[in-house]
Amino acid sequence: MTLVLDAERLSRRFGDLRAVSDVSLQVRRGELHAVIGPNGAGKSTLVNLLSGELAPDSGRIRIDGTDVTGWPNWRLARAGIGRSFQRSNVMEAMTVLENVRLAAQAVLVPRRHLLRPAADDPVSLHAAIMVLLRVGLADVAGRIAATLSHGELRLLEIAIALAVQPRVLLLDEPLAGMGPEESQRLARLLHELARDHAVLLIEQNIDVVFAVADTLTVMLDGRVLERGPPARIRNSAAVREAYPDHDP
Amino acid sequence: MSLGSPRLHFLFFLLAVLLACAPLFAPPYWLELASTALVAAMFALSLQLLVGGAGLVSLGHAAFFGLGAYAVHLTTQLLGAPPSIFLTLPAAAALAGVAALAVGALALRTRGFFFLMSTLAFGQILFFLFHDTSLGGGTDGVFIPRPEFGVGSLVLQVSRADRPGMLLLLNLGVLVLMYAGLDALMRTLFGRALQGIKANEHRMAAAGHNVGALKRAAFVLAGTLAGIAGHMAAVTDAFVTPDLLGWHRSADALLMVLLGGIGTLYGPILGAFAFTGLAEASQSMTGRPGLVEGLVVLAVVLALPRGLAGLRGRAAR
Numbered sequence: 001m002t003l004v005l006d007a008e009r010l011s012r013r014f015g016d017l018r019a020v021s022d023v024s025l026q027v028r029r030g031e032l033h034a035v036i037g038p039n040g041a042g043k044s045t046l047v048n049l050l051s052g053e054l055a056p057d058s059g060r061i062r063i064d065g066t067d068v069t070g071w072p073n074w075r076l077a078r079a080g081i082g083r084s085f086q087r088s089n090v091m092e093a094m095t096v097l098e099n100v101r102l103a104a105q106a107v108l109v110p111r112r113h114l115l116r117p118a119a120d121d122p123v124s125l126h127a128a129i130m131v132l133l134r135v136g137l138a139d140v141a142g143r144i145a146a147t148l149s150h151g152e153l154r155l156l157e158i159a160i161a162l163a164v165q166p167r168v169l170l171l172d173e174p175l176a177g178m179g180p181e182e183s184q185r186l187a188r189l190l191h192e193l194a195r196d197h198a199v200l201l202i203e204q205n206i207d208v209v210f211a212v213a214d215t216l217t218v219m220l221d222g223r224v225l226e227r228g229p230p231a232r233i234r235n236s237a238a239v240r241e242a243y244p245d246h247d248p
Numbered sequence: 001m002s003l004g005s006p007r008l009h010f011l012f013f014l015l016a017v018l019l020a021c022a023p024l025f026a027p028p029y030w031l032e033l034a035s036t037a038l039v040a041a042m043f044a045l046s047l048q049l050l051v052g053g054a055g056l057v058s059l060g061h062a063a064f065f066g067l068g069a070y071a072v073h074l075t076t077q078l079l080g081a082p083p084s085i086f087l088t089l090p091a092a093a094a095l096a097g098v099a100a101l102a103v104g105a106l107a108l109r110t111r112g113f114f115f116l117m118s119t120l121a122f123g124q125i126l127f128f129l130f131h132d133t134s135l136g137g138g139t140d141g142v143f144i145p146r147p148e149f150g151v152g153s154l155v156l157q158v159s160r161a162d163r164p165g166m167l168l169l170l171n172l173g174v175l176v177l178m179y180a181g182l183d184a185l186m187r188t189l190f191g192r193a194l195q196g197i198k199a200n201e202h203r204m205a206a207a208g209h210n211v212g213a214l215k216r217a218a219f220v221l222a223g224t225l226a227g228i229a230g231h232m233a234a235v236t237d238a239f240v241t242p243d244l245l246g247w248h249r250s251a252d253a254l255l256m257v258l259l260g261g262i263g264t265l266y267g268p269i270l271g272a273f274a275f276t277g278l279a280e281a282s283q284s285m286t287g288r289p290g291l292v293e294g295l296v297v298l299a300v301v302l303a304l305p306r307g308l309a310g311l312r313g314r315a316a317r
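The listed protein sequences derive, respectively, from chains A and B.
Start counting the first sequence at 1; every next residue gets the next number (my numbering).
Start counting the second sequence at 1; every next residue gets the next number (my numbering).
Source of the hints: derived by calculation from the structure; they are not laboratory data.
Among the clues, some could well be false.
[Stated by the list, open to error] Some chain B residues close to chain A (C-beta under 7 Å, calculated; not the full set):
no.: 1; residue: S2
no.: 2; residue: L3
no.: 3; residue: P145
no.: 4; residue: F190
no.: 5; residue: G196
no.: 6; residue: N200
no.: 7; residue: R203
[As the list claims (entries may be wrong)] Distance windows between CB atoms, simulated:
no.: 8; chain 1: B; residue 1: R111; chain 2: A; residue 2: R112; range: 27 to 35 Å
no.: 9; chain 1: B; residue 1: L14; chain 2: A; residue 2: A176; range: 49 to 57 Å
no.: 10; chain 1: B; residue 1: A102; chain 2: A; residue 2: H126; range: 37 to 45 Å
no.: 11; chain 1: B; residue 1: F12; chain 2: A; residue 2: G136; range: 40 to 48 Å
All C-beta atoms in this analysis are idealised placements derived from N, C-alpha and C, irrespective of residue type, glycine included.
Extracted from the complex, chain A is given alone in its bound form (with noise of 0.2 Å):
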């Protein structure tokens, strides 16, 4: 599997506090890596460190082999990260499927076809509405963002993040208040994404955390403090102090 995401040693402080320091991490193709950890352990910046929110004070990050630090968040999306967002994120008023559509045309659309008609772009809306089928959004394309539920309103997070065709995908605790059954879904198409792209995973939901993920990061104050693959992990020492009332 070929790597994708490949983050060196990354470091932001906030005044005193170190957010994330020294934090490598490794994504490939094909590969649902994981991050898990108590509330302000870093992950959210770590997350904004990858995507361009934020600039990282130390460390690389490279796409592909391409040196990308510093760029930021719309250069990233262009060089292939899509990311989702802990709190919905969206374009309110507009169509579910505008919210996709323009997504995709960031990335689709060349700058001297701007001045097209928009009605006229089959590209941005073909990108648009396979995503839309991939999420299993397409049934509400024409609503008003602002009227979805909060489950279809997750989902939308991700078509966003999707539609800019990325290499990588960012997805910040996309689970984030789901019942039960909405769970199992979404855990079933986060298995299908990392199919064909390098995802990183974000989430406070262990169960799905431990069913979906095939590399495990624990981070705490900050930083790394247990790497591997989820058997071993579940039953580390450090995850059953960060976890006392998950039960493997």
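Using the hints provided, position chain B relative to the given structure of chain A.
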């Protein structure tokens, strides 16, 4: 921003034809008032590209309007004779566009309230370039000869009696072109991207849109169109004053946009006509136009959150 349906555009077309026939029967006072409203509509429409189009609220838009107006004065001074409108119009558009490029490059580094304040600051800087300086022809403004309508020896001769009618036709033509162009623009992929930025700028950037470049393009285009509106104001009034660049004008245009509704492209045109009519009526009836304008705008904003354009949706329901 919802764009007009073919049916609505047919209605606008009929109204434009009706207005174009006005010189046949209306007295000059009404023709001149209509021209004032048409120029205000151009200006408000150019601002709507920012406000309703990309969610950028500017308090310095009049600077580009005023620059467009002064472009006529400056070209006349440079050439020493009334120049052709086919020279002054591109000059006004270019001057305002270049200024918008410079202002936009700096002001668009800020967002929201800080963007509002920085546009206000840049607008006032440009205002003081013309206020009480030799460049602006003094504080009280300066009368200018109207540009000629024609090229070389082919010049349209207009008698004094026909002038208000001809100016109305010219202003109406420019407004129609401007509206049609912006309507087409908002239907392009670029227009859709601007709407996305208005809806959620951060997500658009995270999805790969070069938000900064898109906003700068919109800002330059809006400034250029404001320059064209200012040019038409100078041609209509044969007079320019530094006040044309002042923040007061920007606020008026924002009120027109608000009055008409930020949800549609045609709202500001309705707003500009309502605002111009209101200003004229309150001036002649009370002598305190500002007070009446303020009260009416307040009432409309409270009663019609979607502006005058929102009346249509109400009637339909």
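Comparing the hints with the structure gives:
1. Taking 7 Å as the C-beta contact cut-off toward chain A, the hint placing S2 of chain B at the interface is violated, the least distance being around 11 Å.
2. For L3 of chain B, the interface hint is violated, since its Cβ never comes within 7 Å of a Cβ in chain A; the closest pair sits about 11 Å apart.
3. At about 38 Å, the closest approach between the beta carbon of P145 of chain B and any beta carbon in chain A exceeds 7 Å, and the interface hint on this residue is violated.
4. Among the interface hints, the one on F190 of chain B holds; its C-beta lies about 4 Å from the nearest C-beta in chain A, closer than the 7 Å criterion.
5. With a cut of 7 Å, the hint placing G196 of chain B at the interface with chain A holds, because the nearest CB-to-CB distance is about 5 Å.
6. Contact between N200 of chain B and chain A, as hinted, is supported at the beta carbon level, the nearest pair being about 5 Å apart and thus within 7 Å.
7. A distance limit of 7 Å between C-beta atoms decides the matter here; for R203 of chain B the minimum to chain A is near 5 Å, and the interface restraint holds.
8. Checked against the hint of 27 to 35 Å, the C-beta distance between R111 of chain B and R112 of chain A comes to roughly 28 Å, which is consistent with it.
9. Taking the beta carbon of each, L14 of chain B and A176 of chain A are about 54 Å apart, inside 49 to 57 Å as hinted.
10. The supplied range of 37 to 45 Å is met by A102 of chain B and H126 of chain A, whose beta-carbon atoms lie about 40 Å from each other.
11. A beta carbon spacing of about 42 Å between F12 of chain B and G136 of chain A agrees with the range 40 to 48 Å that was offered as a hint.
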